[in-house]
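Participant: For reference, the chains in residue letters:
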Amino acid sequence: ETGVTQTPRHLVMGMTNKKSLKCEQHLGHNAMYWYKQSAKKPLELMFVYSLEERVENNSVPSRFSPECPNSSHLFLHLHTLQPEDSALYLCASSQVNRGDSYGYTFGSGTRLTVV
Amino acid sequence: AQKVTQAQTEISVVEKEDVTLDCVYETRDTTYYLFWYKQPPSGELVFLIRRNSFDEQNEISGRYSWNFQKSTSSFNFTITASQVVDSAVYFCALSEPYGNKLVFGAGTILRVKS
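So the sequence lines, in the order shown, correspond to chains B and R. Reminder that position 71 of the first sequence reads as 71 in this note's numbering, one-by-one numbering, no gaps. Reminder that position 24 of the second sequence reads as 24 in this note's numbering, one-by-one numbering, no gaps.
Treat the hints as calculated values from the structure; they're not laboratory data. Ideal Cβ positions, reconstructed from N, Cα and C, are used throughout, including at glycine. Honestly, I wouldn't trust all of these hints.
Pairs of lysine-lysine, DSS-like flavour, derived with a Cα cap of 27 Å [what the hints assert, rightly or not]:
| no. | chain 1 | residue 1 | chain 2 | residue 2 |
| --- | --- | --- | --- | --- |
| 1 | R | K3 | B | K19 |
| 2 | R | K113 | B | K18 |
| 3 | R | K3 | B | K36 |
| 4 | R | K113 | B | K40 |
| 5 | R | K70 | R | K113 |
| 6 | R | K3 | B | K40 |
| 7 | B | K41 | R | K38 |
| 8 | B | K22 | B | K36 |
| 9 | R | K38 | B | K36 |
| 10 | R | K70 | R | K38 |
| 11 | B | K22 | R | K38 |
| 12 | B | K18 | R | K3 |
Just a sample of chain R residues kept apart from chain B, beta carbon distances all over 12 Å, derived [stated by the list, open to error]:
| no. | residue |
| --- | --- |
| 13 | T9 |
| 14 | D18 |
| 15 | V19 |
| 16 | V24 |
| 17 | Y37 |
| 18 | Q57 |
| 19 | R63 |
| 20 | K70 |
| 21 | T72 |
| 22 | S73 |
| 23 | T78 |
| 24 | E96 |
| 25 | V103 |
Go ahead and model the full structure; you've got the sequences and the hints to work with.
Facilitator: Below, the structure is given as structure tokens:
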């Protein structure tokens, strides 16, 4: 496989459930990101991992818990979510080099519905 | 602080019309990078172009062209002879050279009708 792969593509979960979103990148990149995209809202950066260390957490509620076990994998663990957490969750990866920027490669996203 | 503004929330055109999507940015960096991404209904953001702040040459790729004007801090995107398959949300983004953090605009929904 190539690029950035996200699973599952669709997820419906109850407010008391625990689930995890998975992201895998096959590009040899050294940074990975979680974004949230809600209807009619801008892309919201949630977490940034660079060289497997979390370098940014944009005031995300604790019911979202990221995990980056290695440079190729990124998880988003979900528990006791609210209906307003229903959104498209996008994973991205990039190569972070000093003095240059190549942008991100995105996965297809996980469409999450909280009922 | 960096900021990207896409003032057009939604644009509707008829097939074969030309359409320009506007992007205005703010940054204090002298070196920076600008991007355009396309998000079709499938959800994935697809990279279209990357431009660094020292290269003000306009670029053309098939029906797509980009006009970078540092004097007005704009990086506009034009689709010539639009097609229904161009219907998507288009995002403009700005990046600093260190850390590779992208700041996205709110996006412009483009609807191309047959």
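Participant: Where does the structure disagree with the numbered hints, that is, which hint numbers, in rising order?
Facilitator: 1, 2, 5, 12, 13, 17, 24, 25
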